[in-house]
Amino acid sequence: MAYSEKVIDHYSNPKNVGTLDKSKQNVGTGLVGAPECGDVMRLQIEVDEASGLIKDAKFKTFGCGSAIASSSLATEWLKGKTVDQALTIDNMDIVEELHLPPVKIHCSVLAEDAIKAAINDYRVKNGLPELVEQKAH
Amino acid sequence: MELKFPIYLDNNATTPMDPRVLEAMIPYFTEKFGNAASRNHPFGWVAEEAVDYAREQVAALINADPKEIIFTSGATEADNLAIKGVYEMYQSKGNHIITTVTEHKAVLDTCKHLEKLGAEITYLPVQEDGLIDLAQLEKAMTPKTILVAIMYGNNEVGVIQPVKEISAITRKHGALFFTDATQAVGKIPVDVMADGIDLMAFSGHKMYGPKGVGALYVRRKNPRVKVTSQMDGGGHERGMRSGTLNVPSIVGFGKACELCMNEMESEAKRLSAMRDRLESSLLKLEEAYVNGNRQHRLPHVANISFKYVEGEGLMMGFNKEIAVSSGSACTSASLEPSYVLKALGLGDDLAHSSLRFGLGRFTTDEQIDYTIKAVSNTVLKLREMSPLWEMFKEGIDLNKIEWAHH
Ligand SMILES: Cc1ncc(COP(=O)(O)O)c(C=O)c1O
Ligand code: FES
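Chains A and B, in that order, give the protein sequences.
Take the first sequence: its letter number 59 is residue 59 in the working numbering, and every next letter is one higher.
Start counting at 1 in the second sequence, then tack on 1000, and there's your number in the working numbering.
Keep in mind that the hints were calculated from the coordinates and are not lab data.
Please note that a few of the clues may not be correct.
[What the hints assert, rightly or not] Ranges of calculated distance between the beta carbons of each label pair, as one might list FRET restraints:
{"#": "1", "chain 1": "B", "residue 1": "S1272", "chain 2": "A", "residue 2": "I8", "range": "33 to 43 Å"}
{"#": "2", "chain 1": "B", "residue 1": "S1266", "chain 2": "A", "residue 2": "I8", "range": "34 to 44 Å"}
{"#": "3", "chain 1": "B", "residue 1": "K1269", "chain 2": "A", "residue 2": "K79", "range": "49 to 59 Å"}
Every residue, glycine too, gets a C-beta built ideally from N, C-alpha and C.
With the rest of the complex left out, here is chain B:
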């Protein structure tokens, strides 16, 4: 097959929409344009039927009941609704929430917001491989703990947390378990029953569906969970999220879930084989390290640090041909390297030197071959230009140098 550029290997940021999803959506922009809340005419009925069907497709993928799906504008909104909604609803029970330092900003900043309103938040550290320490979680639980918010799969390193073990602990202590599963749903089997999840956020555009649509799963039985609405109005979504439903996007999200359900198993196998090939080839370079646990990891993600070269400089070597992302500060507005990598105990220098590869449904073996060559060549070229590489090769201990800090 002929290679087309640029090659997209940033599927953790967003995924291209599957053409089959687009096809399912199109009628709902034009002839089937009804408002799903219009109860008294066929336009409304058609829209409502489409939403009901999508709700079933979404629920089936995660082994939930369709009534437990609240459609939102994406995972950010679902994260906010879950955490703020539980905090408000269960205030009489307690004000303590436990989360981790490697969560997505949508979770962390929501927790910070609640802290200002009087919530007590525990930010659990993670171990060097990115996994939480379950004993530490258990120790952090108090009678005032109402919610534990720990993500399913991490967006930067792909590490999968032990959700079953986490839910066993929250159950034992009578707290609710919320998980941001944005990167996991559709990629690996996620089963809210087997996993003991009480609330779960996920998003259409990370699983070959449209942007601007997602869902919050809210358990209805054992226990029955409620959240206070954060968007008041017409009482849509069982009063938990008002606003006219985004019918075309919901239809697309449903279709995307159905495709993932049917194709996940073979896709995960294919992607992990390609990912492993990419990874083992790049690790043949000297001083290259994988970030995060390699066993408990999403099948399509590899995060690798190439010591002594800087991430943004590295990406520049091939960014017209290959799209990846980096934990380097030079790529961020804040000039701080990735807080996730730092939480894994990486020194700033290694965090600056990292690249994240996110493979996806449309990634091919030819693209991986090209990427291996381009990345390897650029690393070698930049090392020839790197004063740190030269010092390393001369046996100078870089930690012993007194650097002039700005």
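Bound-form chain A, shown alone:
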């Protein structure tokens, strides 16, 4: 199967690989997937408390090229958004942007899950109720 140019580009030059200090109050961390499934994604956001904007986002991913590209793209999209805006990122937006084939849709689902998990972590840390809405996949 051939990869799209965009997947190759994110894979070769991933944006925002790294680790934020998860003990900080304004950092939310999402860890999703499982080693047995062949994919684990960790996505982190750092929120600027004054403006409420996500000022930094980092990821680390164990998975196929599409999973790496999905998380790299997700971190790019997260920066500059408010936490609520970030919640509107849909996995199908990622599929479209990266031209993922049907067998790779779950890699994008993982990225959406990771975003939600990071936001949830941030909300809980800051005394907000956990999001219950979970997409059924």
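Position chain B with the ligands against the provided structure of chain A, taking the given hints into account.
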């Protein structure tokens, strides 16, 4: 020598055809196009002679009699013919077949098919190194056992089963021994007499011959083995496999066998030296493990897991330059990692992290040098991106984390 890309290191999947094989085949597509079953004119005679000669070349490679070679469309068909054919032919004797969990799908799915028809199948597990436990085989034998189907060399890890010891057990219990030797024939010495093999499948395209041709060896003496035809028709191949013979491919298969016979010894030495160099260089990376027994192994195969990086992601780092394969689920339609690696007791995580390198006749030292560099660099790069590697480095026990399963 200048490096040409992509480098092919997936010779267990298929091999390129040797140009000398192609050369031998060409006349049989055009001017020598006869049907080998046409007994009454020179066109038929020429084709028949070519098939006879190829049959001798094939038989010689495995120390068989030419009459014991049944040409088929490949190893899949030969596997089916052997197992279904024995099951039907020996039904009055019993309905029990023993095989192993690491067989090729062509064997496993054939056994599953027969199970639905009333066969009793024992799937022997393998040990951590991929070898079967002979005592366990002996224990599984019953008076109803008609066939033991155990492969010669495994296609994923290259492990070579103790065929001589296996045949000693089947002889003792009066059962037949069938081996899928698709990955072994032409690569290491396979001798049906010395090995005590009753039936054996192998294939042209794994030994620098054409695709779509293979053979089933069926023993004619001590004991005389018979299989019920699975393809009925004109009664070709002594009634065991009907269908007009694929003369050009059979000629190519014969030539490929002859080349292997002449060159196997030096080729195996050359390949195992390169394989060992590749392997020892890659094992210098932290947390890299060889899968399968390293002594009893085909000379050209290395299967290595690079922990904490995922196989398909890893291959993407160099798949424009190097062709290998992975046991990772992401590369398979089923989203399940390799059942062979799992049968060796590998956790799913290690199975996902595996690469299979299959060297071949046209592999060069320069290609191996390049591969060592490219694979090592990509492993290091992906580990920098891997959350699991980071956790491992921090001393976190990954087994203790509660993962959110899908
Ligand atoms: C062990 C083994 N058996 C059978 C086969 C199938 O061979 P063929 O492609 O000739 O049908 C293969 C090749 O994939 C193999 O490796
Ligand atoms: S992570 Fe398995 S296919 Fe993408």
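Check each numbered hint from earlier against the structure, then list the numbers of those it violates in ascending order.
-> none
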